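Enquirer: Produce the complete structure using the sequences and hints provided.
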Amino acid sequence: AQKITQTQPGMFVQEKEAVTLDCTYDTSDQSYGLFWYKQPSSGEMIFLIYQGSYDEQNATEGRYSLNFQKARKSANLVISASQLGDSAMYFCAMSPMDTGRRALTFGSGTRLQVQP
Amino acid sequence: DAGVIQSPRHEVTEMGQEVTLRCKPISGHNSLFWYRQTMMRGLELLIYFNNNVPIDDSGMPEDRFSAKMPNASFSTLKIQPSEPRDSAVYFCASSPYPRTGVNSYEQYFGPGTRLTVT
Chain F
1 AQKITQTQPG MFVQEKEAVT LDCTYDTSDQ SYGLFWYKQP SSGEMIFLIY QGSYDEQNAT
61 EGRYSLNFQK ARKSANLVIS ASQLGDSAMY FCAMSPMDTG RRALTFGSGT RLQVQP
Chain D
1001 DAGVIQSPRH EVTEMGQEVT LRCKPISGHN SLFWYRQTMM RGLELLIYFN NNVPIDDSGM
1061 PEDRFSAKMP NASFSTLKIQ PSEPRDSAVY FCASSPYPRT GVNSYEQYFG PGTRLTVT
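Residue numbers (the working numbering), protein chains in the order written: chain F, 1 to 116; chain D, 1001 to 1118.
Since the hints were derived computationally from the structure, they do not count as laboratory data.
Keep in mind that the hints are not guaranteed to be accurate.
Claimed, not checked - Straight-line Cα separation of at most 35 Å, DSBU-like style, residue types lysine-lysine; simulated pairs:
(1) Lys73/F - Lys3/F
(2) Lys3/F - Lys1078/D
(3) Lys16/F - Lys73/F
(4) Lys16/F - Lys70/F
(5) Lys3/F - Lys1024/D
(6) Lys3/F - Lys1068/D
(7) Lys1078/D - Lys1024/D
(8) Lys3/F - Lys70/F
(9) Lys1024/D - Lys1068/D
Claimed, not checked - Taking CB as the label site, the calculated pair distances span:
(10) Arg63/F - Glu1062/D: 40 to 46 Å
(11) Ile1005/D - Gln8/F: 29 to 35 Å
(12) Asn1071/D - Pro116/F: 44 to 50 Å
Said to hold, decoys possible - Derived coverage of chain D by chain F (criterion: at least 3 residues anywhere in the stretch with Cβ under 8 Å from a Cβ of chain F; other residues may be distant):
(13) 1033–1045
(14) 1084–1097
Bear in mind the structure is a predicted one, so any value in this text is a computation, not a measurement.
For each residue, glycine too, the CB sits at the ideal point set by N, CA and C.
Expert: In structure tokens:
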């Protein structure tokens, strides 16, 4: 079984500052993927970034980077230069890399509020 | 490019009625997922199709729920009869896997269907 833990129910950050959203995971799979999704108040789920368990370099996508520490089983999301539009719920998720078991397991989410 | 399309966006129905949710995945994607989001349980998988074949339906709550994927561009999730506890947002997602490539494991979500059963 897989488990995702997000320990920060809510976070505040000042506009233009960087923020780190925490995510730890537990799995017995050797090969897996880690994902972050953004859910604004409008409700859609927006894919942000992906990291494979065998990727040696941390993933980056624009202002988003994933700080992957395999030994610690953590996959924190770093948002640089926060913008007001970054205010949303953020979900960490993972799935095995196995055709038969591709379901995403989600954490409980972190609500980020960017203040002007 | 069109993303995942879901219809209807909102559905209000009375207990006992049949509800059908529809999904059109991104063209060329080989995997399709149905998820449900509630305040109590968060986001959880209902069923997963790979190349139109159901692979994992362990999340389907009970016999009242059924899902089909008659072709690569269409899927339905049916609830019959519906109950108030089925009220939730239902998401459909698609993924290009098992095509190899850097981005093949990503899942792209539709806008969701907000279902209210009274």
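Enquirer: Against this structure, judge whether each hint is valid.
Expert: Tested hints:
Restraint check for Lys73/F and Lys3/F: satisfied, since their Cα atoms lie roughly 11 Å apart, inside the 35 Å limit. Between Lys3/F and Lys1078/D the CA atoms are separated by roughly 29 Å; this keeps the pair inside 35 Å, and the hint holds. With a CA separation close to 29 Å, the supplied pair Lys16/F and Lys73/F stays within the 35 Å bound. Of the supplied pair hints, the one linking Lys16/F and Lys70/F holds, its CA atoms being roughly 29 Å apart against a limit of 35 Å.
Among the hinted pairs, Lys3/F with Lys1024/D is consistent with the structure: their alpha-carbon atoms are about 29 Å apart, no more than 35 Å. Distance check on the hinted pair: Lys3/F and Lys1068/D sit about 28 Å apart at the alpha-carbon level, within 35 Å; holds. A C-alpha spacing of about 15 Å is found between Lys1078/D and Lys1024/D, which places the hinted pair at or below 35 Å, so the restraint holds. Distance check on the hinted pair: Lys3/F and Lys70/F sit about 15 Å apart at the alpha-carbon level, within 35 Å; holds.
Taken as a hint, the Lys1024/D and Lys1068/D pair is honoured in the structure, with Cα atoms around 12 Å apart against an allowance of 35 Å. The hint said 40 to 46 Å for the Cβ distance between Arg63/F and Glu1062/D, and at roughly 43 Å that hint holds. Between Ile1005/D and Gln8/F the beta carbon distance is about 33 Å. The supplied range of 29 to 35 Å therefore holds. The hint said 44 to 50 Å for the Cβ distance between Asn1071/D and Pro116/F, and at roughly 49 Å that hint holds.
Judged by the Cβ-Cβ criterion of 8 Å, the segment 1033–1045 of chain D is covered by chain F as claimed, because 6 of its residues qualify and three suffice. Check on the segment 1084–1097 of chain D: 5 of its residues sit with their Cβ under 8 Å from a Cβ of chain F, so the three-residue criterion for coverage holds.
Violated hints are absent here; each numbered hint is respected by the structure.
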